[in-house]
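Novice: Take a look at the letters that make up each chain.
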Amino acid sequence: MAKQIFVIGIGGTGMRCIESFIHLCAIGMFDDTDVHMLALDTDKDNGNFTRLKNLKEAYIKTKGVNKTQFALKDTFFSAKLNYYQFSPDYSNISTFEAVYDYGDTKYSQPDKTAIADLLLTDGAKKFDLKHGYRAQTHLGSMLMYHSIIDEIKRNDRGDLKKFIQELLSASTGGKPRVFILGSVFGGTGASSIPVIPKAIRKAASLISDAADIEKNAFYGSTLLTSYFSFPLPNDNEKEKQKIIATSDRFSLNSQAAMMFYESDDTVKRTYQKFYMMGTETLDWKPIGKQTQTITGGANQENDSHYIELLAAFAAYDFFNLSEKELDTLKEENKLEYLYRTFDENGKINFVDFIGSEKKEELAKKMGLFTAMSFLTILDKYDFFEQAQIGGLKKVKIEGYEDIDPEEVTNLKTYMGLYHFYFKEGKLHDGWLKQLYRSSGGGDKFLFNPALFGCESIREYERFSFNDLIYKKNSDFELKKFKTGLLGSIYNEFFSEFIKSSEPTEITNKCEKLIKRTFDTLSKLYNF
Amino acid sequence: MNKIENIKQVNTLISETYMLAIIAVIVALVLAFFIAKLILFEGGKNDRSYMKRRIWYIIIGLIAPVSFYLYNMFVVMAKIKKAPLQAKFSDANLYSTLIILVVYVVIGIITMMIFRKSKWGSILGKTK
Chain A
0 MAKQIFVIGI GGTGMRCIES FIHLCAIGMF DDTDVHMLAL DTDKDNGNFT
50 RLKNLKEAYI KTKGVNKTQF ALKDTFFSAK LNYYQFSPDY SNISTFEAVY
100 DYGDTKYSQP DKTAIADLLL TDGAKKFDLK HGYRAQTHLG SMLMYHSIID
150 EIKRNDRGDL KKFIQELLSA STGGKPRVFI LGSVFGGTGA SSIPVIPKAI
200 RKAASLISDA ADIEKNAFYG STLLTSYFSF PLPNDNEKEK QKIIATSDRF
250 SLNSQAAMMF YESDDTVKRT YQKFYMMGTE TLDWKPIGKQ TQTITGGANQ
300 ENDSHYIELL AAFAAYDFFN LSEKELDTLK EENKLEYLYR TFDENGKINF
350 VDFIGSEKKE ELAKKMGLFT AMSFLTILDK YDFFEQAQIG GLKKVKIEGY
400 EDIDPEEVTN LKTYMGLYHF YFKEGKLHDG WLKQLYRSSG GGDKFLFNPA
450 LFGCESIREY ERFSFNDLIY KKNSDFELKK FKTGLLGSIY NEFFSEFIKS
500 SEPTEITNKC EKLIKRTFDT LSKLYNF
Chain B
0 MNKIENIKQV NTLISETYML AIIAVIVALV LAFFIAKLIL FEGGKNDRSY
50 MKRRIWYIII GLIAPVSFYL YNMFVVMAKI KKAPLQAKFS DANLYSTLII
100 LVVYVVIGII TMMIFRKSKW GSILGKTK
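Quick note, the sequences are listed as chains A and B, same order.
Read in numbering that gives the first Met the number 0, the first sequence has 125 at position 126, and its numbers run on one by one without any break.
Read in numbering that gives the first Met the number 0, the second sequence has 78 at position 79, and its numbers run on one by one without any break.
Derived by calculation from the structure, the hints in this document are not laboratory data.
Note that the Cβ used here is the ideal one computed from N, Cα and C, for glycine as well.
Some clues are possibly wrong.
Here are the computed lysine to aspartate or glutamate pairs in the EDC-like style, where the Cα-Cα straight-line distance is at most 16 Å [unchecked claim]:
#, chain 1, residue 1, chain 2, residue 2
1, B, Lys116, A, Glu501
2, B, Lys125, A, Glu400
3, A, Lys72, A, Glu360
4, B, Lys116, A, Glu397
5, A, Lys379, B, Glu41
6, A, Lys333, A, Glu322
7, A, Lys392, B, Asp46
8, A, Lys392, B, Asp90
9, B, Lys116, A, Glu495
10, A, Lys379, B, Asp46
11, B, Lys36, A, Glu322
12, A, Lys411, A, Asp378
13, B, Lys44, A, Glu423
14, B, Lys44, A, Glu400
15, A, Lys432, A, Asp442
16, B, Lys36, A, Glu491
17, A, Lys267, A, Glu331
18, B, Lys44, A, Glu331
19, A, Lys152, A, Asp88
20, B, Lys116, A, Glu491
21, A, Lys511, A, Glu360
22, A, Lys395, B, Asp46
23, B, Lys125, A, Glu397
Derived coverage of chain A by chain B (criterion: at least 3 residues anywhere in the stretch with Cβ under 8 Å from a Cβ of chain B; other residues may be distant) [claimed, not checked]:
#, stretch
24, 56–62
25, 389–399
26, 479–489
The whole structure should be built from the sequences, with the hints applied where relevant.
Specialist: This is how it looks when you write it as structure tokens:
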């Protein structure tokens, strides 16, 4: 039976960390695994939330449209993704005052509002909650906790209930692992990380008392400190919004949060592992040209950053720990704080994300997935579409014309979001290139810098991905193949593909084709 | 080549012609196979590389027998002076040319079916 793991992404940063996590699933880092993934954000119209939904949709439909899906092994898209999302509904009642009927309560039962008056400024009571908790973590923790409980009580068919039911089932039979991805310098993530395990425990008890989740489940989380900045609001914006999270306070927020996580007993009793990470400076601008403060909504769509991939690898590490280690930590009520730094020269290599034992696995899977992106996206190759329309029948490779065209479309969409895509005649950078930019460019990020040098469709078509994926003078320099004087990349690929065998253990034709492509590329690149 | 003046010489010439026909068909098949291998698989939705290989197969399949026939007709037959001997050789020329054509097509198709998952086999086109 496939391994069950539970991931919760909270807030805007959490959404982007989940994106990176999904990409890890896509390249095949979570073989034989059923991933239950909960996206939690107050701002359901947030650009990053929308991008995440598009990505997970493309992933799930690539694995199969209207078909039962299975976790696989040694292929791309191997993990089975089960996606859930929850956003507290602040569309009609969108301020603290409205949620808690503050106005009437203040006059009828002033003792109940006294603590709110003590802890919350007027601005905090009145700002629009639709775009998140805006670094008001004291408010956010309370609101998020109660939103979760209310949702379980009110909505029998909601995603949140389904997620917790899955966690309950996993807790009945075993010791599930829950990993939380979010930041500690902003609003929603910082508010929710301390209270999520308690909220889940309470919510689960409302559903069933069959299992004690807090007793059986292991919890880990990222403590992702500030890594970006954005323009400070002007006076008009401050006046209009009342409360705005400003990036000049991110470092202070992070510092305060880290002190909290170091000392709070509740958090220490609940979690077993914390992964601390951040960047040295806040120089990175998440949105290319941003001239005004964006509090949330569709316009808040931050580019991806390599630190989010590191967060995803923190989750990977947590899920691959031995149960004995986690059992020991839990029994002794210990919480382990981990951190990772990058080389002082600023270069980011595979070993920095996953350690020396598995760096080849990561290099292989990410490199081959990138190679496959060329074969999928570019009309020059368009391999999967060719297979789907029966093009492979010329060499008597049959059966792939049965692939649902929607699966191929979604595979192309996914690859575009991963690497690059064209929209309305314009080239857009996918996740990989955004990560490259966030690292500072040059030869600083994982692959050969030539991989990131294409600026037009023509350049992508002419790019020699047969031998320019891995860096020269790296451990993976020899992972490439030649095309010969009169040859071509596609000719080499397809000639090798014809020789490969059809996997028998996979039923879905699209997944068969993906697996066969994976095997072919593995052979070509000498893995 | 010496002049052909008697039936014995014509019969020897005819035997040699049949042997040359076999060699010609082997050379034609090898050449067609080699050209098929040189033509690269093409990516994209409309990979027409199999059509290119087919066209070359047909071109070689026409050039080989036609040039063999014409060579025998104008070069070899010029050595035969007597009309009845020419007629006898002419028949042999025709039959050996047909042999080239038939063997080229039959062996070609059989080998294409055996090596179906290859560039050579792709000449047959899409399976139904």
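Novice: Now tell me if each hint is right for this structure.
Specialist: Hint by hint, here is what the structure shows:
no.	hint	verdict
1	B:Lys116 to A:Glu501	holds (13 Å)
2	B:Lys125 to A:Glu400	holds (12 Å)
3	A:Lys72 to A:Glu360	holds (13 Å)
4	B:Lys116 to A:Glu397	holds (11 Å)
5	A:Lys379 to B:Glu41	holds (8 Å)
6	A:Lys333 to A:Glu322	holds (15 Å)
7	A:Lys392 to B:Asp46	holds (11 Å)
8	A:Lys392 to B:Asp90	violated (43 Å)
9	B:Lys116 to A:Glu495	holds (11 Å)
10	A:Lys379 to B:Asp46	holds (10 Å)
11	B:Lys36 to A:Glu322	violated (55 Å)
12	A:Lys411 to A:Asp378	holds (11 Å)
13	B:Lys44 to A:Glu423	violated (21 Å)
14	B:Lys44 to A:Glu400	holds (13 Å)
15	A:Lys432 to A:Asp442	holds (13 Å)
16	B:Lys36 to A:Glu491	holds (12 Å)
17	A:Lys267 to A:Glu331	holds (11 Å)
18	B:Lys44 to A:Glu331	violated (61 Å)
19	A:Lys152 to A:Asp88	holds (14 Å)
20	B:Lys116 to A:Glu491	holds (14 Å)
21	A:Lys511 to A:Glu360	violated (21 Å)
22	A:Lys395 to B:Asp46	holds (14 Å)
23	B:Lys125 to A:Glu397	holds (9 Å)
24	56–62	violated (count 0)
25	389–399	holds (count 8)
26	479–489	holds (count 4)
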